[in-house]
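K.L.:
Knowing the structure of chain X, use the given hints to seat chains E, B and F on it.
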Amino acid sequence: MARTIRIQSEPFSAAAETAALTEGRGDVGAVVAFTGLCRDEGGRLKALELEHYPGMAEAEIGRIAEQAENRWPLLGLTVIHRFGRISPGEEIVLVLAASAHRQAAFEAASFLIDYLKTRAPFWKREHLEDGTVGAWVEAREADDRAMERWS
Amino acid sequence: MARTIRIQSEPFSAAAETAALTEGRGDVGAVVAFTGLCRDEGGRLKALELEHYPGMAEAEIGRIAEQAENRWPLLGLTVIHRFGRISPGEEIVLVLAASAHRQAAFEAASFLIDYLKTRAPFWKREHLEDGTVGAWVEAREADDRAMERWS
Amino acid sequence: MKLVYFAWVRERVGRTDEEVELPEGVGTVAELVRWLKGRGEEYEYAFENEGIVRAAIDHVHVKLEASLAGAREIAFFPPMTGG
Amino acid sequence: MKLVYFAWVRERVGRTDEEVELPEGVGTVAELVRWLKGRGEEYEYAFENEGIVRAAIDHVHVKLEASLAGAREIAFFPPMTGG
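Protein chains in written order, with our numbering: chain X, 64 to 214; chain E, 64 to 214; chain B, 5 to 87; chain F, 5 to 87.
Chain X on its own, in the form it takes in the complex (with noise of 0.2 Å):
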């Protein structure tokens, strides 16, 4: 199985990500990308700073790929989590699934999102427009929930 993860802080090409996980072979029916992206909430937001734990969130994001490689019939998946600053309108994650049908590359990503948002070790800051520094981002019970479905 294609496995790629990458944590990079220089933006990503869907496309070519995609691209690569297709091309060349016959056996691939479907792929399912999702991309979350930096809103910039109602313009208050001038950037995101992501930070993260070198080392550990390959790490974590590798076992969350295991399980998703152990759990559905994938032919190839892609995560790739960018970090430093992020302006409104960039992407942010990108998680890819490849599969022969539909419904396990749609419940690959949509798990792989899922585990990523409350197990891989990044952290979102605000800088706000007017030029301070907001609050860290807290934790949403909402991707709590998110997660406990898959158990």
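It should be emphasised that the hints constitute simulated quantities derived from the structure, not laboratory data.
Be aware that one or more of the hints could be misleading.
What the hints assert, rightly or not - A short list of chain B residues far from chain E (calculated; beta carbon distances all over 12 Å):
hint, residue
1, Y9
2, E15
3, P27
4, E28
5, F51
6, H63
7, A73
8, E77
Stated by the list, open to error - Below, computed lysine-lysine pairings styled on BS3-like, alpha-carbon distance capped at 27 Å:
hint, chain 1, residue 1, chain 2, residue 2
9, B, K67, E, K109
10, B, K41, E, K187
11, E, K109, E, K187
12, X, K187, F, K6
13, B, K67, B, K41
14, F, K41, F, K6
15, B, K67, E, K187
16, X, K187, F, K41
17, F, K6, F, K67
18, F, K67, X, K187
C-beta: ideal position from N, C-alpha, C; glycine also.
P.N.:
The following block gives chains E, B and F in isolation, referenced to the frame of chain X:
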């Protein structure tokens, strides 16, 4: 709400369509893209031929899109379905759903492709590697069940 | 009234479309199918299993009981297999 | 043993990492937290709500009861907010 529906024989660019949905706006937090590709069925298949009902295809997908828009807080929605001859590894259909949060985007994209499969007037016929024209693809009961879970 | 056919329904009927004048007493899709089946074995073959063939009136899916009143284009086709 | 801190835990402690010699009797993550809180008010502040701060041993999430035996790097951080 930005809504794009296209029926075409040419390939499409998922990246360009995603960019068109998100560019210049700060309210989109999640984009889910489903791409359906032509499989080679273990090397048996040379191509799929897709017939459609012009006029009704656009109208029916429009009605499905409207249902999705009424059901989830979407910020954008794109459906592109190809017709004609499509080789293994090529893309057949693209569904994009954009929202502030990921759950709406995942559910809407999943709903759209489930409905497309069973309601949009397209029919697939197989062209085989041995040069013969194979059978019309039969509708899958699993697709009917997938659609029924939304009602 | 225009009739259009797709996929294997089209192949069995042997044409993509045709104009027909409905006779008296043909008021629903089911009655139209029954009338068509009386017109020749190609129609008999296309509609041999009436539960399979789907219909649309003016680009909208309909059931066999649907009325033809006001219809301009009736389509017949197998279950859809797009996506 | 190396301790590393992230996000507001790092800010409250006032450092990104440090090397510590564990005293006798500190065998679990919970005991480490208790010992750290005795070292100064910055630690007291960082761990004021013990139910909130998460821990990892050598890049693996652990609970407060986890043993420190064999650990090289212990991390403390708030609930994650990536994705």
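K.L.:
So, for every hint listed, does it hold in this structure?
P.N.:
Quick rundown of the hints versus the structure:
{"no.": "1", "hint": "Y9", "result": "violated, 10 Å"}
{"no.": "2", "hint": "E15", "result": "violated, 9 Å"}
{"no.": "3", "hint": "P27", "result": "holds, 26 Å"}
{"no.": "4", "hint": "E28", "result": "holds, 29 Å"}
{"no.": "5", "hint": "F51", "result": "holds, 16 Å"}
{"no.": "6", "hint": "H63", "result": "violated, 4 Å"}
{"no.": "7", "hint": "A73", "result": "holds, 20 Å"}
{"no.": "8", "hint": "E77", "result": "violated, 9 Å"}
{"no.": "9", "hint": "B/K67 with E/K109", "result": "violated, 36 Å"}
{"no.": "10", "hint": "B/K41 with E/K187", "result": "holds, 26 Å"}
{"no.": "11", "hint": "E/K109 with E/K187", "result": "holds, 13 Å"}
{"no.": "12", "hint": "X/K187 with F/K6", "result": "holds, 24 Å"}
{"no.": "13", "hint": "B/K67 with B/K41", "result": "holds, 18 Å"}
{"no.": "14", "hint": "F/K41 with F/K6", "result": "holds, 17 Å"}
{"no.": "15", "hint": "B/K67 with E/K187", "result": "holds, 23 Å"}
{"no.": "16", "hint": "X/K187 with F/K41", "result": "holds, 26 Å"}
{"no.": "17", "hint": "F/K6 with F/K67", "result": "holds, 18 Å"}
{"no.": "18", "hint": "F/K67 with X/K187", "result": "holds, 23 Å"}
The structure fails hints 1, 2, 6, 8, 9 (numbered hints given earlier, in ascending order).
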